[in-house]
Each structure stands twice: as C-alpha cells, then as structure tokens.
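Asker: Using my numbering, the letters of the sequence shown map in sequence onto residues 2 to 536.
Simulated from the structure, these hints should not be mistaken for lab results.
Values in this document were obtained by computation on a predicted structure and should not be read as measured data.
Careful, some of the hints might be misleading.
Label-pair distances were calculated between CB atoms; the ranges are [what the hints assert, rightly or not]: (1) 208 to 411: 18 to 28 Å; (2) 91 to 413: 20 to 30 Å; (3) 517 to 268: 19 to 29 Å; (4) 471 to 356: 40 to 50 Å; (5) 59 to 232: 14 to 24 Å.
Glycine included, every Cβ here is placed at the ideal spot set by N, Cα and C.
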Amino acid sequence: MAALEPRDADVAPTPEQTRTPRTADRTAPPFDGVRDPGSGTETEEPPGGSGEQDPRAGVLSRAYRALSIGIVSVVLLIAFEATAVGTAMPVAARELDGVSLYAFAFSGYFTTSLLGMVLSGQWADRQGPLGPLATGISAFGAGLLLSGTAGSMWVFIAGRAVQGLGGGLVIVALYVLVGRAYPERLRPSIMAAFAASWVVPSVVGPLAAGTVTERLGWRWVFLGIPVLVLLPMALALPQIRRRASGPPEHHGEGAPAEPGRAARRLRLAFGISLGAGLVQYAAQDLSWWSVLPGAAGAVLLVPAVRGLLPRGTYRAARGLPSVVLLRGVAAGSFIAAESFIPLMLVTQRGLSPTMAGVSLALGGGTWALGSFVQSRPRVEPYRERLIAFGMLLVAAAIATAPTVLLDAVPVWIIAVAWGFGCFGMGLVISSTSVLLLRLSTPREAGSNSAALQISDGLSNVVLLAAGGAAFAALGGGAVGGTHEVTSAASASHPGAFLVVFVPMAVVALAGAWIAGRLRVAESAGGPGTGSAAAG
2 MAALEPRDAD VAPTPEQTRT PRTADRTAPP FDGVRDPGSG TETEEPPGGS
52 GEQDPRAGVL SRAYRALSIG IVSVVLLIAF EATAVGTAMP VAARELDGVS
102 LYAFAFSGYF TTSLLGMVLS GQWADRQGPL GPLATGISAF GAGLLLSGTA
152 GSMWVFIAGR AVQGLGGGLV IVALYVLVGR AYPERLRPSI MAAFAASWVV
202 PSVVGPLAAG TVTERLGWRW VFLGIPVLVL LPMALALPQI RRRASGPPEH
252 HGEGAPAEPG RAARRLRLAF GISLGAGLVQ YAAQDLSWWS VLPGAAGAVL
302 LVPAVRGLLP RGTYRAARGL PSVVLLRGVA AGSFIAAESF IPLMLVTQRG
352 LSPTMAGVSL ALGGGTWALG SFVQSRPRVE PYRERLIAFG MLLVAAAIAT
402 APTVLLDAVP VWIIAVAWGF GCFGMGLVIS STSVLLLRLS TPREAGSNSA
452 ALQISDGLSN VVLLAAGGAA FAALGGGAVG GTHEVTSAAS ASHPGAFLVV
502 FVPMAVVALA GAWIAGRLRV AESAGGPGTG SAAAG
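Generate coordinates for the entire structure from the input sequences, incorporating the hints supplied.
Answerer: Put into structure tokens, the structure is as follows:
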C-alpha cells in the first residue's frame with residue numbers, strides 16, 4: 002500500500018529517519034556487543050543465542066517462551082481480577098455499610114491509574130520497564146490485600162486506589178517491555194496474545210467470582226489473586242532483567258528527558274487524575290451543584306491533556322498524534338455504547354440481567370479473533386486499511402444496537418452486531434499498540450505508551466459522562482464512573498437510548514477518517530515521529 006504524503010508541517014523527519022530506509026524498522030531486539038576474537042571488532046550477538054536470529058521464531062520459541070508465558074499470565078490474572086471484582090463489589094459494599102460510596106470504589110481505581118501511567122512512562126524511559134513493572138505488580142497485590150482485609154468502606158476504597166496506581170504502572174511498563182524485548186515482526190503476535198488472555202476471564206471470571214463470593218465470601222476474590230501472580234512473575238523476571246533492564250541508551254539513541262520536563266509531566270499527571278475524578282463525581286450526581294466540580298475538572302483536564310498527549314493530537318496530525326487520538330475515539334465510543342446495552346435489553350425488551358449479559362458474551366471471542374487477524378504477517382502492508390475497516394464495523398455495530406427498541410427486530414441482532422463490533426475493536430486496539438511502538442524511539446516508548454493509555458482511559462470517562470448526562474436528561478437513569486448504568490425507574494424512555502447510541506456511532510465513524518492519517522511519508526515515518534509531551 003502506497004504511503005500517504007504528510008500534510009502537517011509539524012511532522013518533521015529526524016536525521017536518523019532521513020538516512021534509514023523504512024525496512025530498517027524491522028529489527029531484532031537490541032543486542033549486547035560481544036567481541037569477535039578473530040576479527041578484533043565488535044559484533045552483535047543476541048543474548049538468547051542464535052535462536053533469536055531465526056526469522057521463523059515465534060513468541061513461543063525457545064528464545065521467547067519464558068518471557069511470553071510470564072507476561073501473558075500476568076495479563077490473564079489482571080483480566081480475571083477486572084472481570085471478577087464487579088461481581089463481588091456489591092456484596093462487599095453492603096457488608097461494609099458503604100453502598101452510598103459504591104461508585105468511588107471504581108473511580109478511585111481509575112483516577113490513580115492515570116497517575117500511575119504517567120509515572121511508569123517516565124520511569125521506564127529513564128531506567129527501563131523492570132522497575133515500574135515490579136513496583137506496579139507489588140502495588141496491585143498490596144491494594145488487593147488491603148481491600149480484602151478492609152473493615153470499613155473507606156479502607157476498601159483506599160485499597161482500590163493503591164491497586165489502580167499499580168495497574169497504571171503495569172500496563173505502560175508492559176508496552177515498553179514489548180518494544181524492548183521483541184522484534185517488530187513479533188509485536189503484533191504478543192499483542193494478540195494479550196487480547197486473547199481476556200477471553201476466558203470475561204466468560205469465567207464473573208461465574209467464578211460469584212461462586213467464591215457465595216461459598217467463601219467476597220474477601221477471597223481479592224485475597225486469592227496476589228498469590229497467583231507470583232509464579233508468572235518468577236518465570237518472566239529473569240528474561241525481563243536480561244532483555245529490557247537498564248536505561249534506554251543501552252537500547253538505542255537519545256538522552257533521557259530533562260529534569261524540568263519530568264517535573265512538569267508529574268504535575269500534569271496529578272492534574273489529569275484530579276480532573277478525571279471531579280468529572281466522574283459530577284457525572285454521578287446530576288444536579289446543579291455538580292456543575293461546579295464538573296467545571297473544575299474540565300479546567301484541570303484541558304492543560305493536562307494538552308501537555309501529556311502528543312502535539313497535534315486534538316487535530317489528528319499525521320503519525321503518532323493520530324494513533325493516540327484514534328485509540329481514545331475507538332475505546333471511548335465503544336465502551337460508552339456497550340455500557341447501555343444491558344439496561345436497554347432489560348428495560349425495553351424484558352430480558353433478565355443474565356440473558357442481557359450473555360448477549361454480549363460472543364464479543365470476547367471475536368475481539369480475540371480480530372487481534373489474531375491483525376497479527377498475521379501478510380496483512381502488515383494493509384494495517385491502516387484494516388484499522389479503518391475495524392472502525393466501520395464498530396460504527397455499524399453501535400448504530401445497529403438501538404434497532405432492538407423496535408419490537409419487530411429480534412433481540413439476537415444485538416449479539417450478532419456486537420460480535421462484529423468486537424471483531425473491529427480487536428483489529429483496532431492491537432494495531433494501534435503496534436503502530437505506537439513502531440513510531441516511538443526507545444527513549445520515548447514509555448511516555449508515548451502512557452499517552453496511548455491516557456487517551457484510552459480518559460475518553461471512556463468523558464464520553465460515558467456525556468452520554469450519561471444526555472440519557473438522564475431524556476428520562477433515563479444516572480451513569481456512574483464504573484461503566485455500569487443504573488435506572489431510576491423500571492423502564493427508561495426509548496428516546497433516552499437513541500441520544501447515546503447515535504452520537505457514539507458518529508464518533509466511531511470519525512475514527513474511520515482518522516485511520517487515514519496514521520501513515521506518514523517515508524521521509525518522516527520512522528520512530529520518533531511525534532512525542533508524548535506537547536511542550
């Protein structure tokens with residue numbers, strides 16, 4: 002597929018990009034120099050031996066097996082926790098006399114995770130991903146233990162906040178680790194494995210958590226997971242230390258960020274966390290008083306977002322800015338729409354909550370399938386077209402959802418439409434991760450990965466809050482920051498659902514246009530095309 006010419010003046014090539022052909026991006030992991038005694042010169046020998054030079058080696062080949070199994074197992078356990086906690090949370094809130102604080106148990110996690118993402122990006126850019134990954138998993142486990150042993154709701158919420166900080170550290174560190182430890186040809190495959198690791202937890206997690214909660218108590222849902230993380234980390238830790246430890250100078254050119262810039266990004270991180278928390282609070286309390294925290298949150302968010310996302314993100318500048326923007330557009334529109342589907346099926350079509358949830362179960366498998374398709378080497382030349390196709394599927398799925406408001410439309414249409422939508426999301430989410438690492442130099446991988454995750458998480462809050470406000474204004478219920486929807490009445494006005502799904506479909510359709518701005522010209526398309534810091 003021919004490269005598109007750049008149309009934005011702020012996309013300029015670096016000296017390395019002007020002298021290096023595009024095919025140079027397809028490199029093996031950074032090697033430690035080993036002296037060749039026969040020639041007296043430095044040669045590059047892979048740390049894992051000749052197996053890493055085999056172009057046919059996969060993520061489960063001998064050279065990568067321990068690392069791949071270890072980090073995918075960590076993602077699997079985090080995914081299980083994410084899907085299981087929602088089942089145990091209502092029981093925990095009731096037993097701790099904290100139902101009125103229920104939403105804060107979720108918003109506390111999200112708010113601190115944004116802070117953790119920025120911290121992890123800076124830390125990984127300076128010293129490599131090993132430190133933030135180990136610290137993040139430790140904090141994640143400590144938060145689970147604190148919540149599982151809590152005697153009051155506020156202690157429980159504190160545990161969730163600690164857990165969120167750890168989760169933010171882990172997710173960005175994993176992206177940097179993939180960029181450091183795997184050659185570019187294997188990154189789509191490991192991203193597909195990350196997506197596939199959510200399939201089983203999304204189906205089994207709620208059922209297992211419900212069984213544990215009923216038979217052993219809700220505390221064991223939180224207390225059991227930290228122990229399970231130890232084995233995969235022990236398996237992966239030696240490989241992480243060997244392949245991805247140390248500052249980025251060992252893995253590529255560039256100097257670490259200036260101390261002043263790091264301090265500024267830290268202030269912006271606190272601003273985006275506090276701003277997101279205030280916006281969530283305003284969305285949960287739809288009254289005139291909620292305008293004040295909502296406005297204060299917006300005042301904090303605007304400069305923080307401009308400072309933490311790549312310059313040109315808001316106007317879809319070609320290359321990295323569009324990759325980051327597209328991630329937010331895709332995730333925010335999809336999650337905001339999906340949050341209302343169970344409520345619509347229960348209140349408008351009379352389905353039980355269980356059957357409403359089952360209608361979305363197909364999506365886990367098709368999401369993994371889409372991620373697998375994008376990982377195939379033969380589709381690599383068409384990645385941008387594949388992303389555009391994925392966004393069209395997402396937009397079509399969201400637009401199809403409200404058709405079940407008509408009694409003549411069978412309910413199973415939702416399951417089919419959402420299966421196609423999740424397939425599109427599998428294409429888009431994994432591909433944006435791959436493109437981000439391709440467009441990032443080693444010293445920017447952490448900051449850029451943090452920007453991608455911030456765009457993802459923050460768009461969820463903003464679009465869900467906007468959709469929830471419109472939904473409530475037209476006779477629906479209120480939407481909290483938990484991605485859960487509650488109804489004030491046994492049935493909501495059908496028009497309330499239309500003002501959610503139609504705008505979200507338009508947002509997703511805009512994502513198909515943004516997909517056309519992901520590729521930059523040969524002279525400006527290498528790593529480093531953009532930066533997560535606007536200033």
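Asker: The hint says 18 to 28 Å between residue 208 and residue 411; measuring C-beta to C-beta, is that right?
Answerer: At 26 Å between Cβs, range holds.
Asker: Note whether the CB distance of residue 91 and residue 413 lies within 20 to 30 Å or breaks it.
Answerer: 28 Å, holds
Asker: Return holds or violated for the Cβ distance of residue 517 and residue 268 against the range 19 to 29 Å.
Answerer: 35 Å, violated
Asker: Could you see if the CB distance from residue 471 to residue 356 stays within 40 to 50 Å?
Answerer: 27 Å, violated
Asker: Could you check the hint for me, namely that residue 59 and residue 232 are 14 to 24 Å apart, CB to CB?
Answerer: Holds - the Cβ-Cβ distance for residue 59 and residue 232, about 23 Å, lies within 14 to 24 Å.
Violated hints, listed in ascending order, are 3 and 4; each of the other numbered hints is respected by the structure.
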